[in-house]
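There are 2 protein chains.
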Amino acid sequence: MEPIVITIISGISALAIAVFMAYYVLKQTQGSERIMEIAAAIKEGALAFLGREYRILAIFVVIIAIILGVVPALGWLVGLAFVFGAISSGLAGFVGMSIAVRANSRTAAAAQKSLNQGLRVSFRSGAVMGMCVVGIGILGLSILYLTFGDNPDFLKIIPGFGFGASSVAIFARVGGGIYTKAADTGADIVGKVEKGIPEDDPRNAAVIADFVGDNVGDVAGMGADLFESYVDSIIAAMTLGLIAVFSTTLGKSLFPGIPEELAMSRAWFLPLLVAAGGIAASIIGIFLVRVGEKLEMVALLNALRRGTFSASILTAIFSFLAVYFLKADIGVFWAILVGLTAGVLIGESTNFFTSYVYKPTLRIAEASQTGAGTNIVSGFANGLMSSLPPVILIVAAILVAHHFADVYGVAMAGVGMLATLGIQDATDAFGPVADNAGGIIEMSGLPEEIRQRTDALDSLGNTTAATGKGFAIGAAGLTALALLLSYSQAVGIGLSDISLLDPHVIAGLFLGAVLPAVFCAMTLNAVGKTSFSIVNEVRRQFREIPGLMEETAKPEYAKCVDICTRDAIRQMIAPGIITIVSPVVVGLVLGPIALAGFLMGAISSGLILAIAFANAGGSWDNAKKWIETGAYNGKGSEAHKAAVVGDTVGDPMKDTAGPSLNIMIKLTAIIALVMAPVLAGFAGLI
Amino acid sequence: MEPIVITIISGISALAIAVFMAYYVLKQTQGSERIMEIAAAIKEGALAFLGREYRILAIFVVIIAIILGVVPALGWLVGLAFVFGAISSGLAGFVGMSIAVRANSRTAAAAQKSLNQGLRVSFRSGAVMGMCVVGIGILGLSILYLTFGDNPDFLKIIPGFGFGASSVAIFARVGGGIYTKAADTGADIVGKVEKGIPEDDPRNAAVIADFVGDNVGDVAGMGADLFESYVDSIIAAMTLGLIAVFSTTLGKSLFPGIPEELAMSRAWFLPLLVAAGGIAASIIGIFLVRVGEKLEMVALLNALRRGTFSASILTAIFSFLAVYFLKADIGVFWAILVGLTAGVLIGESTNFFTSYVYKPTLRIAEASQTGAGTNIVSGFANGLMSSLPPVILIVAAILVAHHFADVYGVAMAGVGMLATLGIQDATDAFGPVADNAGGIIEMSGLPEEIRQRTDALDSLGNTTAATGKGFAIGAAGLTALALLLSYSQAVGIGLSDISLLDPHVIAGLFLGAVLPAVFCAMTLNAVGKTSFSIVNEVRRQFREIPGLMEETAKPEYAKCVDICTRDAIRQMIAPGIITIVSPVVVGLVLGPIALAGFLMGAISSGLILAIAFANAGGSWDNAKKWIETGAYNGKGSEAHKAAVVGDTVGDPMKDTAGPSLNIMIKLTAIIALVMAPVLAGFAGLI
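As they're listed, the protein sequences go chains A and B.
The numbering used here numbers the first residue of the first sequence as 785 and each following residue consecutively.
The numbering used here numbers the first residue of the second sequence as 785 and each following residue consecutively.
Hints in this document: simulated from the structure, not taken from any laboratory.
Do not rely on the hints blindly, as some may be mistaken.
Repeated chains share a single entry, so a pair holds when one copy, or any two copies, can fit it.
Said to hold, decoys possible - BS3-like mimics (lysine-lysine), calculated; alpha carbons at most 30 Å apart, straight line: (1) K1343 x K979; (2) K1143 x K1313; (3) K1409 x K1036; (4) K1036 x K1343; (5) K976 x K1111; (6) K979 x K1111; (7) K1036 x K811; (8) K827 x K1143; (9) K1419 x K1036; (10) K897 x K1425.
This is chain A alone, in the form it adopts within the complex (with noise of 0.2 Å):
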């Protein structure tokens, strides 16, 4: 048996379950006709969102394939590759977003029946998405695997196919993330705090913008995400196979006894084995997912734990399985768990920075007695410093990884740390379900003890979704420094011929280290931009609609759906645009050697912003919540009052620019593996 009927089955299998999931949500009772209606105008608004980032996508992707196509050094196949990953990461997108509208409703009606009956239904569809992204990413690669592995050209083509996956992906999750915290941001502002009505009230003409952003944001935009990270680290670890099945640091090859072009061979395949081998894991996990009518977070996320820590020691199992029988040598594998090791301790840290139960947040929570500004001051400090813990996890899971596998073990441990992504996805998308799901019940005038199963449910879910934030970082880290080894050693410069003082590489350095702040601002910015919009447009309608104050009219909901997805596209364009353009501006202007300078910038500089945009968003946002449990005089006091500021600032740069730096910083560095044939020999202009 050809070993590549194991991922190929690794794929189908995850799409089965992903159907068998979906079929399950599906045939679930919908709920009143109330529920169906807003279900209805949320599915509508989000598939249209969706529908309209695609049109432009397409239009992009063409341009960029046609120019991968004419440039002489790449090619058609290179082209073609890329649209292949653009459409399969659309394609993750769309489907796990579309049963996600569909779990919402749903899952309101489920959490009327009971709590379990609710997580049940929401994390099954948050599963759809995970094995979805799973599944199609093996099966794209796989599929590129058997059609062009003995091609020649084979070490450009399959960059291709990431460039296409992150390109998909920077533009859904800056768009998706513009909609989403734009829409809250705005009916927060106009109805909370103006027109003192609480969160999701019908009357508000931007609560269902809200909701559609939910999926458009942190279902689609963040599935596009994940799923780049998981090929593209597949993709780094394939690349590197090819090179570094000798090792000469070490002095050995790293398939020991075997022959050269077949080492080469199992070294390429090897992380889709991994792979496959954490799809089996995380299909095994998912249904070890439950639990019991108790109301209690720690229940909750002890279900939740049992599914993601078990998958992660049977991705161990399969994985030293799959160095045993490809006969690679011991140290791979303990490069593998290095980096699974790592990705679960960092989720970790997240969590202890992020949640209520720890002091971190405490503080934060403390720090809002005095203030906005303390809250503010408390909650930024506590972000920068969570950066600590992941960089030293990830320092040292590079020091070991390739102190046993040199570069090669790098890219692995990248593989190991996504390995389990299957799961680590269903937990982090069925939180937007439940959060919906609480959403319709609010607006359907449901009782208030309903609403507490799905609050119980979305709370768990930010929860989880920090620390798959912090998780999807790491990962990002990892896989864009093991895109860098690969390209030096694509671009023909060596790993040793870039030095740290060369002034090439340090003015790539710099600018590249400068890229993430402009494009956080630029994507803050637009979520400002966008959210003034609303703001206006909400209070306008309750200006000018007469009644709307009195429910005895109806608000223009759809106004604000159009506006909102009208911004977020365009505003999505420039920062996208800049991601892609400086790194080959970069390496036409200052040559190659600056553009792996420029890398290295952005990933180290990329990273600790992201780890502490993400962390203090998820801290403010439950120093927030733990005051509504009664802290401080809990709701409405004063300390409440100044979390919600705190909450407000985070919101942007937990859901829109933090997460965006991880496709980012992959997203240049695949840019630069694509061009390395161009660049090969190449000095640069000045």
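Dock chain B against the given chain A, drawing on the hints supplied.
Same frame as chain A, now just chain B:
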């Protein structure tokens, strides 16, 4: 005539001007008894703080000097130079602050006569500080050169001086920064926000502590900071002078036709001579600063601009002469010029991003309409975006300087950028004096019209402080880079032996990049904790002292001063120690190559955070000031309340965390340089 005489003359001239200016300030009248009483309390608090701070620092300095002395590769001369550097830095800060605390009451009295008189007194007191910094700096280095210039260990000894200056600077900046912002924030939270009394109201117990803070943080702390920049940039150029006289990259000597030994000594001497030229230029510039009676920001700003601009032109001319007479390659002059120019342009860029004359700050004011949340996000985005132009300018300066004069050129660009420090520091240091004077006027109940004059001066001081900060950060980046280049030479690993993709370099780079984030988190938290204590104390006094609010009783100012002193000193220790210990640990554990990566990571990420923090803070402050001029319904409006929150957030960022980063990146680099003899030939533990 020995050319060293020129630098000694310039140093003595600077000190003579300082004495002249100090005499001018001290002979002014102090005004009413009430004014004298307040001024005495400020002076007492400031000197008490400095006394306690210096006592702690003395212990620290002795310990480090002993360590340096007993390490065989270093020796007692290095320890001695360290003590000398520490004392010089402390002295510059002490003298500058001693005048500043005497100038505030005199500025208050002078402002009663006219605006011009107020500017003259405050600016001349700032000039004392500026002249002390450059005078003591160049004299200290000249003395070292005269004493040890022939000693074969000179290259070990001179970084010891910089290390001493940097160590004092980090504690002074952090301690003073915590003090000033904690007192400021604490006073504002209870006074302005809770009790609704105006700023600087005598009923507020923290008001004297706030004034003291301006002196210990913005005068003494900044003096130590700039002293460090100044001497470190010269030291970097001197050490590079030794090894880079013959540029292998350019294939020529930078002192063509001159015997090697003589060329070396000239390469050592040139930075001192350029600095001497800058001092002469600054003295002339200072005398060109004068203004009419119009209360116009533009007129005031132009007066200062005339001074700094003339000084820059003159410095360029003097530098050309220095290069010409020492018969250096003309390329060295271009390197100096590009540094000088980049410094001026960085200042302009800072001005653009922080002054309310321009769009970025106006946009923050606009965003305040929708609340504190949008104000914060907008300001933060502005700060991040503002890091782009300085980074591009620094990159351009590095590339150009390196193109013309190799690594020596990079160091000389740093010297060129800092040559006009004498006047730059004067324009910086007068701000807090004017601020203090305004506070004294408010507290002693003088007419509104006089307060308006000091307000105009204060506002001018804010703008020049922002420009000065941008310039200091840019200079810090270039200086730290030059120190890193010196380090790599001194440790004997050679410029081309440090591979960017070596896992140890990557590990070092990531750890270095995270250090500024951790450092900022610690300093921000320190401000938060201390201001929390102040808030509680001020609240307690309002609660427990009968008749305080009705002004029949006086608050216990000294209590707040004591708390600030105690807490600031206690909390400056940890960030300082971490900064000093990190490079030592990285160097010893991961080895000298990792340490080079560490420095590069710290420089790139520190630079960006420092610029972002300084400019975000400056623009929040000025957005608030813009609203106070009447925009968006002016003072007391909702927009104003939101802008006050932004200002509170920005304060510790721009005055504590941000500026300390400048010192941090240079300190880590100079520690590496000092450690170089220890690390040479050592591979690290892992």
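_Violated constraints from the hint list, given by number and in increasing order_ = 3, 4, 5, 6, 7, 8, 9 and 10
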